[in-house]
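Residues per chain, in single letters:
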Amino acid sequence: MRRITGSAALRELILPLGRMAIFVLGAGALFSAIMVVLAFLCRGSGADKLLLSTQHVDILTYTLSNLPQVLIDGVTLGFVYAAIALGYTMVYGVLQFINFAHSEIFAIGAFAGVEFLIAMNGLGVLATSGPLGPYLYLTMALVVGMAAAGAIAMLMERTAYRPLRDSPRLVPLISAIGVSFALQDIIRLIESLTTGQFYRVIPTFGTFDNRLPLFSFTVSSAPVAVDIQVKSLIVIVAAVAMLVGLNFIVNATKIGKAIRSVAQDRNTAALMGIGVDAVISFTFLLGGALGGAAGVLYALKFTRIDPYVGFMPGIKAFTAAVLGGIGNLTGALLGGIVLGMLESFAGAFLGTFTMGNFGSEYKDMFAFLVLVIVILFKPNGLLGEQVSQKA
Amino acid sequence: MQKRLVLVLTVLATISLLFVGCGAPASKVIKIATQSPLSGGMSAVGTDIKNGAQLALEQLSGNLTKMGFKVELAPYDDQGNPDTGVANAKNIVADPAVLAIVGHYNSGVQIPSSEEYHASGLANISPANTNPKVTERGYLEVSRICGRDDVQGAVGAQFAAAQKMKSAYVLHDKTAYGQGIAEYFKREAETLGIKVLGFEGTEEKANFDSILTPILASKPDVIYFGGMFDQSNVLFKQARQKGYMGMFISDDGYDSSDSAKIGGDVLLKGAGTYYSTVSGPANVYPGTAKFIADFKAKFGHDPQPFAAQSYDCVAIALQAVETAAKAAGNKMPARADVANAVRAVKDFPGITGTINFNSKGDLTTAKYFVIQVSSADPDKWANNKIAQTLDIAPPQ
Numbered sequence: 002m003r004r005i006t007g008s009a010a011l012r013e014l015i016l017p018l019g020r021m022a023i024f025v026l027g028a029g030a031l032f033s034a035i036m037v038v039l040a041f042l043c044r045g046s047g048a049d050k051l052l053l054s055t056q057h058v059d060i061l062t063y064t065l066s067n068l069p070q071v072l073i074d075g076v077t078l079g080f081v082y083a084a085i086a087l088g089y090t091m092v093y094g095v096l097q098f099i100n101f102a103h104s105e106i107f108a109i110g111a112f113a114g115v116e117f118l119i120a121m122n123g124l125g126v127l128a129t130s131g132p133l134g135p136y137l138y139l140t141m142a143l144v145v146g147m148a149a150a151g152a153i154a155m156l157m158e159r160t161a162y163r164p165l166r167d168s169p170r171l172v173p174l175i176s177a178i179g180v181s182f183a184l185q186d187i188i189r190l191i192e193s194l195t196t197g198q199f200y201r202v203i204p205t206f207g208t209f210d211n212r213l214p215l216f217s218f219t220v221s222s223a224p225v226a227v228d229i230q231v232k233s234l235i236v237i238v239a240a241v242a243m244l245v246g247l248n249f250i251v252n253a254t255k256i257g258k259a260i261r262s263v264a265q266d267r268n269t270a271a272l273m274g275i276g277v278d279a280v281i282s283f284t285f286l287l288g289g290a291l292g293g294a295a296g297v298l299y300a301l302k303f304t305r306i307d308p309y310v311g312f313m314p315g316i317k318a319f320t321a322a323v324l325g326g327i328g329n330l331t332g333a334l335l336g337g338i339v340l341g342m343l344e345s346f347a348g349a350f351l352g353t354f355t356m357g358n359f360g361s362e363y364k365d366m367f368a369f370l371v372l373v374i375v376i377l378f379k380p381n382g383l384l385g386e387q388v389s390q391k392a
Numbered sequence: 223m224q225k226r227l228v229l230v231l232t233v234l235a236t237i238s239l240l241f242v243g244c245g246a247p248a249s250k251v252i253k254i255a256t257q258s259p260l261s262g263g264m265s266a267v268g269t270d271i272k273n274g275a276q277l278a279l280e281q282l283s284g285n286l287t288k289m290g291f292k293v294e295l296a297p298y299d300d301q302g303n304p305d306t307g308v309a310n311a312k313n314i315v316a317d318p319a320v321l322a323i324v325g326h327y328n329s330g331v332q333i334p335s336s337e338e339y340h341a342s343g344l345a346n347i348s349p350a351n352t353n354p355k356v357t358e359r360g361y362l363e364v365s366r367i368c369g370r371d372d373v374q375g376a377v378g379a380q381f382a383a384a385q386k387m388k389s390a391y392v393l394h395d396k397t398a399y400g401q402g403i404a405e406y407f408k409r410e411a412e413t414l415g416i417k418v419l420g421f422e423g424t425e426e427k428a429n430f431d432s433i434l435t436p437i438l439a440s441k442p443d444v445i446y447f448g449g450m451f452d453q454s455n456v457l458f459k460q461a462r463q464k465g466y467m468g469m470f471i472s473d474d475g476y477d478s479s480d481s482a483k484i485g486g487d488v489l490l491k492g493a494g495t496y497y498s499t500v501s502g503p504a505n506v507y508p509g510t511a512k513f514i515a516d517f518k519a520k521f522g523h524d525p526q527p528f529a530a531q532s533y534d535c536v537a538i539a540l541q542a543v544e545t546a547a548k549a550a551g552n553k554m555p556a557r558a559d560v561a562n563a564v565r566a567v568k569d570f571p572g573i574t575g576t577i578n579f580n581s582k583g584d585l586t587t588a589k590y591f592v593i594q595v596s597s598a599d600p601d602k603w604a605n606n607k608i609a610q611t612l613d614i615a616p617p618q
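Chains as they are written, first to last, in the working numbering: chain A, 2 to 392; chain B, 223 to 618.
I should point out that these hints are in silico values taken from the structure, not numbers from a laboratory. Here the structure is a predicted model, which is why all the values come from computation and not from measurement. One thing to keep in mind: the hints can contain errors.
[Said to hold, decoys possible] Chain B stretches covered by chain A per the calculated footprint, using a threshold of three residues with CB under 8 Å from any CB of chain A:
| no. | stretch |
| --- | --- |
| 1 | 293-307 |
| 2 | 414-425 |
| 3 | 434-445 |
| 4 | 479-486 |
[To be verified] Capping the alpha-carbon separation at 30 Å, the derived lysine-lysine pairs in DSBU-like fashion look like this:
| no. | chain 1 | residue 1 | chain 2 | residue 2 |
| --- | --- | --- | --- | --- |
| 5 | B | Lys388 | A | Lys50 |
| 6 | B | Lys386 | B | Lys441 |
| 7 | B | Lys288 | B | Lys518 |
| 8 | B | Lys386 | A | Lys50 |
| 9 | B | Lys292 | B | Lys518 |
| 10 | B | Lys250 | B | Lys568 |
| 11 | B | Lys417 | A | Lys50 |
| 12 | A | Lys50 | B | Lys464 |
| 13 | B | Lys292 | A | Lys50 |
| 14 | A | Lys50 | B | Lys518 |
| 15 | B | Lys288 | B | Lys253 |
A virtual CB, placed ideally from N, CA and C, is assigned to each residue, including glycine.
Isolated chain A, as found in the complex (with noise of 0.2 Å):
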């Protein structure tokens, strides 16, 4: 058996970083020359005229004024939707089924962070909490977020899918849409006894909602500010740093072995001494915790909760997992990164370009679209699903 070196170690902390990046950046390099030509054929079109009259700008500088902010919101919501792909990813690699409940899992990691910092405003202590205390207050919420998500997965996989593992695949799928019913209503129903409320808003504290200038340039004559929201930033950052986690834990640990001997072949590795329960259940745990994390970021990024506040984000990962070929780690990381991109492309030019006939409203339809096609074309994504090494 070979041992892990050290060299070997920092090398699955530094490649996962080095993909992000060229992930991020070929993306965003992508879609801005996409816009860009788009915008170039546009000048002179109605789209062009009816900028020129009402905010006196032309389609060209209106695009290249717009596109670092837009490139930012796809960032930050890009990474949020890998986190949550990550989970469908990692079951599907180990049991070959798509864990709808995934979505609820979110949720619940939303719902127990929020409601920690709910509890902790009520005692008085985010506010005076000093310069550092608010991200201690999220690391913490962070961790609860985690825990409970996990916890339930577990709890999930224990009583939902496992006495069903043998059966054929249509039937724990079943379950899942299950589960995913049951959670968001028990998340109701603990809501509505406890609170009284149906959707929390998380607390306002600390400087999250500041926002950091980046950097500003001039396009025709007209000066254009980039700033970034010191959430967005923490979206980003809490995100990368989760991924790289798991690429580690499954790349480069005793423990992340034992997940892809499972996922290559199940009975052989359970002849090879591996506990298969076991690794699954660290699965599911790992996979949920991802995707409390997400919960809580997404609610820490867009305030506002409702028990089924898992559903859109959730479908859309599902989405980026199949998008980068689902079962594939990397897969799921730049399946999530473009469907960001593209929606928040779609949500911010769209209206534009069209004269307002086809709107923002129509920016989820590019998700589906996506879907639709990757089945068409190219049912194992863009990076393949991973036979060989799945998980």
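Given the coordinates of chain A, work out where chain B should sit on it, guided by the hints.
Below, chain B alone, put in the same frame as chain A:
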């Protein structure tokens, strides 16, 4: 296996016994049904519509009780969802004891549900549905004691113009109510010379990043949102966090103390947040002092918007039932007679004003308000400052 079968049979037998209990004949029971969202995101307002109705029933059903009737409230939860509303409506019209239905918070739910009421001649009095179509269909059964969106949207635009706003970006939630009012706002704004920079619908509830990009790029003086508070406040908050300092204007769907909870103090910043409504805070109506006191004593909190209107709806329904019952010689009146009696009320002394219906079922004059959000504390929502009060007759 045998054991399980016995268990199942026992449960079935118990359930059927329960139904037998319900089937006991009670010829002189009169039910007033309510439909409003009792669960889900809009339940704060929806529950108080039911509570207002319950209070009215307890205080005002004395005459009918003396005539030998037993008056009951039959509250239904429409979840703010058209499908649920119509399914409930089918159950309501199937119960012969129901003689009037007070309800709906959402026009999008009221419009399809009232087709059922119309088909069976059941009187529907609406406390809160403002879409013109509610009464424009000319159904005898459907009346409302609130204003209309074609007027309300215009009131919002006139207010913006009076505040010297030059441009507006108009958003809506794609429901019959939200889109309707946004269109009326847009039309009036354009007539008054406000430049409408964009008009868009969205069902998004959390992530407004990409929708906000074109809005903020066009730098509107006003962002108008036609729709409900649970969406608009998240949008307003994210817009402020992205540095927008202009004015927010919304509609009566914005009028809920939850707005302050979701939006928080960003609503007070910049040019502030205003909403037009057909239902002022309960304390602006002269007749509501006793209602507010009673409501608070019974339910433990200040009434949400439309609770007082709901109280008046039930009051009208009870009076109409009484009139019709007397005409029928103290027997159960027919639904059609009740519906006629509702429409025929003249100078009815409601707590929200004197009520007269025109031939379509609109109030002959309705009150409209423009209110400024003046505190980020949800408990102080009822004390929001009224910027403008108008009495306007419905368009013919």
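Tested hints:
no. : hint                  : in the structure
1   : 293-307               : violated (count 0)
2   : 414-425               : holds (count 8)
3   : 434-445               : holds (count 5)
4   : 479-486               : holds (count 3)
5   : B:Lys388 <-> A:Lys50  : holds (20 Å)
6   : B:Lys386 <-> B:Lys441 : holds (15 Å)
7   : B:Lys288 <-> B:Lys518 : holds (28 Å)
8   : B:Lys386 <-> A:Lys50  : holds (26 Å)
9   : B:Lys292 <-> B:Lys518 : holds (26 Å)
10  : B:Lys250 <-> B:Lys568 : holds (27 Å)
11  : B:Lys417 <-> A:Lys50  : holds (16 Å)
12  : A:Lys50 <-> B:Lys464  : holds (27 Å)
13  : B:Lys292 <-> A:Lys50  : violated (68 Å)
14  : A:Lys50 <-> B:Lys518  : violated (57 Å)
15  : B:Lys288 <-> B:Lys253 : holds (16 Å)
Taken one by one, the earlier hints fail for this structure at numbers 1, 13, 14, listed in ascending order.
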